[in-house]
Amino acid sequence: MAQVGALILVLGALGFLVSQAGDNLRARSIPTGFDFIEQPPGIQVGEGIQTRDFETGGRALWVGMVNTLRIASAGIVAATVLGVIVGLARLSHNWIVQKVSSVFVETLRNIPLLVQIIFIFTVFTTLGNVSLDSGPIHGWLHISNKGLSVPRVFGLNGSFQWLAFMAIGALVARWAHHHQVRKQEETGQLGYPIVAAGGVLSVFGIVGWFAHPVMGFLGPVFGLIADALDGLPEETLQLILAVLSIVVAILWIRRFLKSMSSGGGRAKLTDDDWFRMIFAFAGSVLVAFAVLVVWPGLSSWLLNSGRDFFQLLDDRFGSGNGGRPFDGKRPDIVKPGNFANYGPAGLTLTPFFAAVFFGVVLYTAAFIGEIVRGGILAVPKGQTEAASAIGLKRSQALRHIILPQAFRIVLPPLGNQYLNLTKNTSLAIAVGYADVVQVGQTIYNQTGRTLPVMAIWMLFYLACSLTISVVVNFFNVRLKLVER
Amino acid sequence: MTDQQTTDVAEPEEETSNLPPKVPRLPPGEWMKKNLFSSVGNSILTVVFVLVILAITRGLLGFAFSPERRWDATATNMRLLFAGAYPQNQFVRMWVSLGIVVALGGLSTGVWRAGGRMYLTSLLLKGYGVGGAVVLVGILAPFSGSARLSYFLVGGLLIAASFAVQSATDEDTTVGTLAVGLVGVSIAVGSFWVIPYGHHAFIDGAQVVSDGTVAATTKGPLTVMVILAVLTYFLGREIADRVDAGWPRKVLSLSWLASPVVIVFFVLRDPDFDYGHIATTEVPIFLAYAVGGGLLLFALASPRIGEVGRIIAAVTLIAAAATFLTPMLQVIRILALMLAVFALAAPTFSGNRAARLRYVTVWAGVVLGLLWLITAINSPATVESNSSFFTGGLALTLIVASFTMILSFPLGVILALARTSNMPLFRVMSTTYIEFVRGVPFITILIFFSVLFPLFLPENMEVTEIAAVTIGFTLFSAAYMAENVRGGLQSIRRGQYEAAEALGMTTAQKTVFIILPQALRVSIPPLVGQTIGTYKETSLLAIIGLFDLLFVARSLIPNQTSFIGSVREQLLFASVIYWMGAYAMSRASQNLERKLGVGER
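Quick note, the sequences are listed as chains A and B, same order.
If you read the first sequence in this note's numbering, its first letter stands for residue 1, the second for the next number, and so on.
If you read the second sequence in this note's numbering, its first letter stands for residue 1, the second for the next number, and so on.
Be a bit skeptical, because a hint or two may be false.
If the Cβ cut is set under 10 Å, some of the chain B residues that face chain A in the computed set are [unchecked claim]:
no. : residue
1   : 41
2   : 42
3   : 427
4   : 435
5   : 439
6   : 441
7   : 451
8   : 532
9   : 536
10  : 538
Hints in this document: simulated from the structure, not taken from any laboratory.
Keep in mind it's a predicted model, so treat the numbers as computed, not measured.
Idealized CB from N, CA, C, for every residue including glycine.
Let the hints inform the model, and build the full structure from the sequences given.
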């Protein structure tokens, strides 16, 4: 009764607000359609996979999304590495290391991230200009108000074949690792699983460096797949996708029910469980409906991009014929018009990217450092003592006893930090890095479609958050199962 | 800093109990061997880190003390950084606001008997450290000879003083932390009277620099603040000694809650009340609601009224909803809704005559407060300002942060209760809301509220951008608050629920009197953490163009062409301000956590 009343109240209030907004929007003749996605936006963005001459507004937003994902994923990796180092340093027995890392943490996490980003950006803008002579730079690193440029390693045509070599090498290395571990467990003799796996990998790497053309046969194989995809009729794929989504949902529900029932019988299902199952099924039906009716273009797009992908692989695998699979180049400076800038040879972080990247990485690393420290401290002291009692060295105890247990404690808050980092990259708008928020703002300033652009932002970030929490939850569940 | 969360929860406790355990100290040689050079690897690490620290320090000092730095830009615009474009001739209001906060802080410190004692030796160790640091600054910074010498002198004096005190006292001497803090603040404020920092101002488009100490309009009020803090502290102690500690604490907690409202709408904004209108409109409304509503509530809070009361309350709610169908003053509608809420909650607070009277008094107070607040907001301000909001800078940052925290608290508690409720509809609604808000970045919500919020309002209603943004901030913050409170709710053991049920309490009574007080106590440390987060997140206001501390620090002040390129200095200064606030709060929360931990058996 109270629930229904509250629901009516909430819905009533929402309906009132929405109708009010509708009236106001009409009165001020503010457009709300999503048609800008299909039309050329007539904007330029600062950086990304495409910067000008967009055919559609959707493409421009997509560029912004890719930029967000790029900075977020690079940031997550860098912040994790730095954060773990900081966390371990805070527990160091060396007084000065410990003090330096705690000053790092206490300084960075108590200053707003936005202030840090803007400060880094301001420092970049006050740096000197790139020199006016064009040509390669002598040195590894070059910083100026145009950004930060470092040497770039890039794959030549043989790199794909080399990577295929390494994939096989990884399988063999995995087997070697297992083998050594099993031997160690069976005989009690100290094996060398890490050394063995690393050795196998490096042997494959070295051999592959010279012998990679052997893998050239993969090219025609991928070509065949591309042809097969080309021949597949669109309707078939539609049907497959629709059936697949419903089958996946049903399988998931079955597994869910199975996990709920223990030996004695089925556990009582709570409302939440029902909600989940209904939600999963409704979602799959929705997906099927979308694939079949609402958006039939999706399956042709999927077909085309799949075919293009395999065609690309075909080309890449076919054209490598000896020579180095990888090469590196030093940064250079080019001068296309009157203004000098970094050329494409080096890996260049623009000041916009660098400000946001270093800002979120340093800030998040401070928090991750605290989480790692807390996680290690939360492992009972008895574990350390027991490890040293059975004769493990400090480094061994850390690797085999402490860290695996700490990881279990650390994972959920770590996932939270990844979420925060991803959301915090939206502060890019303050310095003008072309992320999804900035591109969206440019678009709505141009077209006046404020409401739809904001909806796209929120959906995009919700999707990111959901993905990260699904991944973290997956590992969380796996780790929990290992427990006892 | 106005740290309101920490003050109304501290536990009474003896002054000696929070003395930290004494760590046996090694002589310096052995200490270094143990902590810096215990192995070859450690020694290498030590050397490398020392070199890195020296290089970084040198770089920072070279930046800060380079002759190219325009620190006078910061000194000149100090007023803007702290208070935005608040009119200069009304500036005493700013000081009064600060005075209110300081006085409340002093009183609370006294009444709660906060502050412990620390060993003198650990203080002296800090003295050595600071002295050494000052000497190091003298060595590394790009100074002239005489300036370098004065740094050496100050550093040497500090070390010598520490040494003298150490040899004069024995090892177990303790000092009060409050006294230490007071001495520190006094030295800082006293230096304004003695050391010639110079006096910078920007008057009529020209920079005015005079030698000597800072202006009397700065150092005078600051000195008054220090004296006020000391006086109120002793007053607080007197009060705590003379009377039962319960009610001063209640009054102080309520004053902290009310202080942002009073400061913003009464002291700083100074509404120009139209007393004729008030006498003909507001006063009758107040009388009608206070008396009529009071009688209704007095009847409804009777334990014997039973089902009839429920029906009357429901009718009140329907009547309140019906007020939205006909045109009338917004105040009447809001108060009608409040009355309906109070009527619905009446059975929870029912009891004997005294309890019923207390309930009616609270109701009258709420009516008075709401009416006063709404009238104040709707009255024009006497303080004239040329920007959209009458103040900016750090003041705006603190105002938005404190309003957000105060407003999001009840919302967060409601959301948390809904999320843990066993009614699925409530749970789904609350979970959807919380997860949605937590899944999107704050900046998108902020832009939404600053750009689109006016569209959602009825036609004749207007809201300033600051208010719209604060509402958005509150809604955002409430989702995180709900998660913190939920953590507290889940830590309550089943037995508490069962015991409350055994006493025959209703669900509402159980929640209000048994569960929430315990849950909130547990969730205080995360809530302080959230306060820090809110304080830092206010910097995002700069993105949508509101004149908060970061915006002022980042912007070029009109007419000050000579200061172009001094943004880094301003940003560094703003960072230090933000850092001090956040660091103070995080230390306070650590102390609090320790204290609460002590209380938890």
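Checklist entry - Going by Cβ atoms only, is residue 441/B closer than 10 Å to chain A? => result 4 Å, holds
Next on the checklist: Hint validation: residue 532/B versus chain A, beta carbon distance must be below 10 Å. Holds or violated?
Outcome noted: Holds: closest Cβ of chain A sits about 8 Å from residue 532/B, inside 10 Å.
Item to check | Hint validity - residue 451/B Cβ closer than 10 Å to any chain A Cβ | outcome: 6 Å, holds
Next on the checklist: Would the hint on residue 41/B be counted as holding, given a Cβ-Cβ threshold of 10 Å to chain A?
Outcome noted: 9 Å, holds
Checklist entry - At a threshold of 10 Å, is the proposed contact between residue 435/B and chain A supported by beta-carbon distances? => result 8 Å, holds
Next on the checklist: Under 10 Å is the threshold here; is the Cβ of residue 439/B close enough to any Cβ of chain A for the hint to stand?
Outcome noted: 4 Å, holds
Next on the checklist: Tell me if the interface restraint on residue 538/B is satisfied: Cβ within less than 10 Å of some Cβ in chain A.
Outcome noted: 8 Å, holds
Next on the checklist: Take the shortest C-beta to C-beta distance between residue 427/B and chain A; is it under 10 Å?
Outcome noted: 8 Å, holds
Checklist entry - Is the shortest C-beta separation between residue 42/B and chain A less than 10 Å? => result 5 Å, holds
Item to check | Hinted contact residue 536/B with chain A - closest CB pair below 10 Å | outcome: 4 Å, holds
Hint compliance for this structure: no hint is broken.
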